[in-house]
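Engineer: Each chain, written out:
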Amino acid sequence: MFTRHVSRQLAAYIDGALSPQEAARVERHTARCAECRAEREQVKFGMEALDCLAVVEPPDAVWTSIERGAYAPAKRVHTSVNAARMSACATAAILALIGVAYWTIAHRAPAGEWIETDSKSSTIILVGQIGSVEIEPNTRLRVVTDRPDEHRLALARGEIRARISAPPKLFFVDTASGTAVDLGCEYTLKTDEDGAGLLRVTKGWVSFQWKGLESLVPAGASCRTRPQVGPGIPYFDDAPERLQQALESGALDTILAEARVRDTLTLWHLLSRVEIADRARVYDRIASLTPVPAGVSREQALKLDPETLGRWKEELAWTW
Amino acid sequence: MLRIGTAACILATIGLAQDFKFTIGNAVASQDFQMKTATFVFRTEGCAEPSKSRIGATAEGMVKGERRSVDLKVMTSASKPGVYAVYQMWPSEGDWVVSLKGTCAGVNAGAIVPIGPNGFVRESTKYFARAATGAEIDASLKALAKGAKK
Numbered sequence: 013m014f015t016r017h018v019s020r021q022l023a024a025y026i027d028g029a030l031s032p033q034e035a036a037r038v039e040r041h042t043a044r045c046a047e048c049r050a051e052r053e054q055v056k057f058g059m060e061a062l063d064c065l066a067v068v069e070p071p072d073a074v075w076t077s078i079e080r081g082a083y084a085p086a087k088r089v090h091t092s093v094n095a096a097r098m099s100a101c102a103t104a105a106i107l108a109l110i111g112v113a114y115w116t117i118a119h120r121a122p123a124g125e126w127i128e129t130d131s132k133s134s135t136i137i138l139v140g141q142i143g144s145v146e147i148e149p150n151t152r153l154r155v156v157t158d159r160p161d162e163h164r165l166a167l168a169r170g171e172i173r174a175r176i177s178a179p180p181k182l183f184f185v186d187t188a189s190g191t192a193v194d195l196g197c198e199y200t201l202k203t204d205e206d207g208a209g210l211l212r213v214t215k216g217w218v219s220f221q222w223k224g225l226e227s228l229v230p231a232g233a234s235c236r237t238r239p240q241v242g243p244g245i246p247y248f249d250d251a252p253e254r255l256q257q258a259l260e261s262g263a264l265d266t267i268l269a270e271a272r273v274r275d276t277l278t279l280w281h282l283l284s285r286v287e288i289a290d291r292a293r294v295y296d297r298i299a300s301l302t303p304v305p306a307g308v309s310r311e312q313a314l315k316l317d318p319e320t321l322g323r324w325k326e327e328l329a330w331t332w
Numbered sequence: 105m106l107r108i109g110t111a112a113c114i115l116a117t118i119g120l121a122q123d124f125k126f127t128i129g130n131a132v133a134s135q136d137f138q139m140k141t142a143t144f145v146f147r148t149e150g151c152a153e154p155s156k157s158r159i160g161a162t163a164e165g166m167v168k169g170e171r172r173s174v175d176l177k178v179m180t181s182a183s184k185p186g187v188y189a190v191y192q193m194w195p196s197e198g199d200w201v202v203s204l205k206g207t208c209a210g211v212n213a214g215a216i217v218p219i220g221p222n223g224f225v226r227e228s229t230k231y232f233a234r235a236a237t238g239a240e241i242d243a244s245l246k247a248l249a250k251g252a253k254k
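Chains H and W, in that order, are what the protein sequence lines are. Under the numbering used here, the first sequence has 286 at position 274, and the numbering climbs by one with no breaks. Under the numbering used here, the second sequence has 202 at position 98, and the numbering climbs by one with no breaks.
Keep in mind that the hints are not guaranteed to be accurate.
What the hints assert, rightly or not - Facing chain W, according to a computed beta carbon distance under 7 Å, are these residues of chain H, among others:
id	residue
1	Ala-43
2	Gly-207
3	Ala-208
4	Arg-212
5	Trp-217
6	Pro-230
7	Ala-231
8	Trp-330
Since the hints were made in silico from the structure, they are not lab data. We put the CB at the ideal spot given by N, CA and C, even for glycine.
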């Protein structure tokens, strides 16, 4: 019995782009065809992996091959095999052109170069092989280092959106009042020339540091930074408004009263930033929201023992 | 004597996995940067040997009135034993929940994790001391459709 394989529909099927009838046909077929099932798994993983890929620069050979293709003498084709080849070549050329168009926009900037956008322009720069940075209008930044072991930008003013796919601590952005250290993430960072700014993380973690002060900001959370003060206390974007306002005014009673389990992110950071007299109140509030894990003692936590706080943070992160 | 020994072994085995259960969290909870794009991560608790546990997941959905089910591959953390990641391998349209099931030393655990427009819905996640039943999954899908989304 002959069977129509469904290889060509697999990507659309995984994307949910098929009609219910087509999707049902793919499901029926893959249920009895081991070959297509295996291919479906490969396509799934491929699509998933795409999400993690960094943008890379095209090799010079891309230009050469396009130019060669554009000026090559046309050949007559007669057979269906040749037609298929031509079709494949055309597709490849179109893809290459799209790639080049993208890479023309997303370029590499050498260390030391200043990049400035006006109110109507924006651009994208590549961060080695590990990601890209979109530079919004009215932004001024400098590429400080561009080495495999350290990619560092200095954001003088404006807004950037970073997408990094790499092990932690390879990508840094300096501002006047803090350095954003990538821990595997996507985020936006905006600042004015004095250093008043906002970090908002959409994936992964960012460590926001300044003169020994560190704020850990996970996906879904934000952190303000102020001139001469550095990174503030991070908070989830869906935190109660009263809590967010209280963070601005420093109203500890309100912060403690409004905090939800998830806001232990905020409380954990507060623990080491409030006056000693208030530290126990913060500890007790966290303990009332979620059980204190084994290995975390009140005494050590109030002493701000780094190991204890680290262990507690790892456990609290399951509620963030 | 042999019976007592066997019974003691069985009890000890059950004891090791007495409170076997799942905990769900954001991708960052894994502390594993390779999992940062996961829809959510989860860990097993009460399982002395996570490497010997059996973990599975399916996405269960309702798309345009049609019930759909997608087998999911669960990624295991290389650095944190007992920590796993679930990635979106189901269509973006429709209502979906992820059904987790696991077995450790003969003890079962399950969970139904609703997926909302902003990711998984922690507040509506249901935990079981067994795999969730089809009826429980259907009920969660109905609740999701009624607006239990984040």
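Engineer: Please name the hints from earlier in the document that this structure breaks, with their numbers sorted from lowest to highest.
Structural biologist: Of the numbered hints, 1, 2, 3 and 4 do not hold.
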